[in-house]
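Colleague: Sequence:
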Amino acid sequence: MSCVEEDDHSDGDFSSLDLESLPTSLSDPVFCGSLTELFLDYNSICDLPASLFENLEKLTLFSAVGNELKQLPDTMAKMRDLQKLFLQENQLGALPHTIGAFSQLKVMNIVGNRVKSLPDSVSELSALEEIYLDENQLEGLPSSFVQLTCLQRLEISDNILAHLPKDIGNLSKLRVLNVSGNKLEGSLPESFGDISSVCEIDLSHNQLSELPPKCRFNQSLVKLFAEQNVLQSLPDWINHLPNVKHLSFRDNVLRRTPFTESFGETSTDLKVLDISGNFISGLPESIGNLKKLEKIQIGSVICELERRHFQNGNWIDQLPSRFSHMTMLKEAYLDENQISELPEDFGRLVNLEFIDLGQNQLRRLPDSFCQLRSLRVCQLSKNLLECLPENIGELKSLVDLRLDNNQISDVPSSLGELSNLQSLDLFHNLFTELPACLSKLTNLVRLDVYENKFEMDWWEVPNIYKRAKYAPKDPALAGNW
Numbered sequence: 001m002s003c004v005e006e007d008d009h010s011d012g013d014f015s016s017l018d019l020e021s022l023p024t025s026l027s028d029p030v031f032c033g034s035l036t037e038l039f040l041d042y043n044s045i046c047d048l049p050a051s052l053f054e055n056l057e058k059l060t061l062f063s064a065v066g067n068e069l070k071q072l073p074d075t076m077a078k079m080r081d082l083q084k085l086f087l088q089e090n091q092l093g094a095l096p097h098t099i100g101a102f103s104q105l106k107v108m109n110i111v112g113n114r115v116k117s118l119p120d121s122v123s124e125l126s127a128l129e130e131i132y133l134d135e136n137q138l139e140g141l142p143s144s145f146v147q148l149t150c151l152q153r154l155e156i157s158d159n160i161l162a163h164l165p166k167d168i169g170n171l172s173k174l175r176v177l178n179v180s181g182n183k184l185e186g187s188l189p190e191s192f193g194d195i196s197s198v199c200e201i202d203l204s205h206n207q208l209s210e211l212p213p214k215c216r217f218n219q220s221l222v223k224l225f226a227e228q229n230v231l232q233s234l235p236d237w238i239n240h241l242p243n244v245k246h247l248s249f250r251d252n253v254l255r256r257t258p259f260t261e262s263f264g265e266t267s268t269d270l271k272v273l274d275i276s277g278n279f280i281s282g283l284p285e286s287i288g289n290l291k292k293l294e295k296i297q298i299g300s301v302i303c304e305l306e307r308r309h310f311q312n313g314n315w316i317d318q319l320p321s322r323f324s325h326m327t328m329l330k331e332a333y334l335d336e337n338q339i340s341e342l343p344e345d346f347g348r349l350v351n352l353e354f355i356d357l358g359q360n361q362l363r364r365l366p367d368s369f370c371q372l373r374s375l376r377v378c379q380l381s382k383n384l385l386e387c388l389p390e391n392i393g394e395l396k397s398l399v400d401l402r403l404d405n406n407q408i409s410d411v412p413s414s415l416g417e418l419s420n421l422q423s424l425d426l427f428h429n430l431f432t433e434l435p436a437c438l439s440k441l442t443n444l445v446r447l448d449v450y451e452n453k454f455e456m457d458w459w460e461v462p463n464i465y466k467r468a469k470y471a472p473k474d475p476a477l478a479g480n481w
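In this text, residue positions in the sequence shown follow UniProt numbering: the first is 1, and each later residue adds one.
What the hints contain is simulated information worked out from the structure, not anything from laboratory work.
From a predicted model like this one, the values you see are computed outputs, not experimental measurements.
The beta carbon of each residue, even a glycine, is placed where N, CA and C say it ideally should be.
You may find that some hints are simply not true.
Unchecked claim - Derived DEER-like restraints, expressed as beta-carbon distance ranges:
| no. | residue 1 | residue 2 | range |
| --- | --- | --- | --- |
| 1 | Arg-114 | Gln-361 | 17 to 27 Å |
| 2 | Ser-419 | Glu-265 | 34 to 44 Å |
| 3 | Gly-186 | His-97 | 51 to 61 Å |
| 4 | Asp-11 | Cys-303 | 46 to 56 Å |
| 5 | His-163 | Arg-80 | 26 to 36 Å |
| 6 | Leu-477 | Ser-117 | 46 to 56 Å |
| 7 | Cys-303 | Gln-361 | 19 to 29 Å |
| 8 | His-163 | Asn-420 | 53 to 63 Å |
| 9 | Asn-463 | Thr-257 | 42 to 52 Å |
Given these sequences and hints, build the entire structure.
Modeller: Put into structure tokens, the structure is as follows:
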């Protein structure tokens with residue numbers, strides 16, 4: 001154990017001292033009786049003696065994060081004024097049944113332990129506002145858990161929950177609920193829709209097949225994540241969320257057109273919409289009313305480097321005619337669909353910085369496309385493009401342009417005016433000679449023109465792949481690991 005002087009830690013902070021047992025100052029009743037906060041974080045403490053808590057009557061915060069604790073003594077209950085308890089990143093298998101004595105406790109964090117169940121006495125924590133239970137081995141919550149009527153935040157991700165308490169709707173003050181990464185199947189309890197004040201819900205990475213048919217939180221909801229479930233349709237209340245800013249149903253099995261026209265008419269504060277990796281065939285025309293939308297994802301959920309020729313996005317063949325009315329849009333992931341044409345006024349998306357239209361059925365781009373003056377990254381791989389707009393040189397902000405796997409045989413001379421372009425991919429097209437305008441692209445660090453129709457051997461094809469530059473090796477550091 002490290003040698004610790006009492007005077008050095010009169011504030012009760014004994015963190016990061018390589019302690020294997022408690023410092024001697026914590027056996028002094030006078031010293032302990034004066035403490036209001038005690039920090040034992042990031043040591044190697046395996047055991048907390050029962051005697052430690054005999055004189056900590058004034059303690060309002062106890063923290064033993066990042067130790068090797070396997071159990072807690074029942075005498076912890078003597079900290080009657082405790083308001084915050086932090087025990088994350090230990091090896092606790094259970095909480096003491098006396099934990100209900102913490103009548104003033106507002107925050108409890110036991111993230112990253114091995115707790116399999118909570119004692120029924122947890123329901124006696126009548127002042128509890130926040131509880132963090134992530135990364136344990138919880139199979140369920142006691143039915144009495146719903147008596148925590150002051151609870152505002154419940155974080156219980158990455159456990160093995162098979163169900164939620166039947167009366168979870170009694171948690172009337174709950175504002176944040178995170179049950180992602182569990183084993184919830186089928187539907188949620190009917191009372192789930194009664195959590196009237198909730199503003200953030202994360203149901204991702206479960207096996208839910210449906211959401212509650214009714215809810216009372218449609219006015220308060222700001223963020224809803226339901227990624228990686230098996231949802232086939234959405235309840236009607238999804239179309240009536242006036243304050244929602246972030247919606248994600250990524251990687252489900254949604255079919256046809258899961259949103260009604262009411263969606264765009266109501267959810268006008270929406271900033272992020274992610275419905276990637278489903279079986280959606282259409283979007284409502286009213287989507288154009290989402291004037292605050294900054295990011296839309298309707299494409300693939302697979303990393304670009306891992307994609308093959310199968311379809312992983314959706315099955316949308318036509319964007320709504322009012323798609324271009326979402327003028328605050330900055331990022332659009334529209335890849336791996338069946339889109340055959342873009343709206344003629346697509347250039348209205350003047351704030352667009354990133355677009356991925358890869359693996360669609362595009363044969364042409366509208367002339368207005370070149371009005372996207374903020375566009376930095378443009379991915380048009382794996383389409384049926386035969387030509388580009390003559391004024392493509394107006395895309396002055398463009399840094400990365402990907403046109404591989406199309407049917408292009410020539411490019412407009414204005415392409416050479418893209419002075420900021422650093423990466424140009426023309427792989428697998430129909431070029432018979434290298435366009436002369438490419439010589440003007442002096443900032444290129446990557447050019448790929450392999451697999452075209454050039455009448456030259458492959459090693460003569462003038463591709464560019466500049467190597468990264470590293471600082472020169474310092475001879476003085478030779479042999480220094």
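Colleague: Each hint needs a verdict: does it hold in this structure or not?
Modeller: Evaluated hints:
1. Evaluation of the 17 to 27 Å hint for Arg-114 and Gln-361 yields a failure: the beta carbon distance comes to about 52 Å.
2. Look at Ser-419 against Glu-265: about 43 Å separates their beta carbons, and that is inside 34 to 44 Å.
3. Between Gly-186 and His-97 the beta carbon distance is about 32 Å. The supplied range of 51 to 61 Å is therefore violated.
4. Evaluation of the 46 to 56 Å hint for Asp-11 and Cys-303 yields a pass: the beta carbon distance comes to about 47 Å.
5. Remark: the range hint 26 to 36 Å for His-163 to Arg-80 is upheld by a beta-carbon distance near 34 Å.
6. Our hint of 46 to 56 Å for Leu-477 and Ser-117 holds, since their Cβ atoms are close to 54 Å apart.
7. Checked against the hint of 19 to 29 Å, the pair Cys-303 and Gln-361 passes, with Cβ atoms roughly 23 Å apart.
8. Separation of His-163 from Asn-420 is about 54 Å and conforms to the stated range, judged on CB atoms against 53 to 63 Å.
9. Distance hint check for Asn-463 and Thr-257: the Cβ-Cβ separation is about 44 Å, which falls inside the suggested range of 42 to 52 Å.
Taken one by one, the earlier hints fail for this structure at numbers 1, 3, listed in ascending order.
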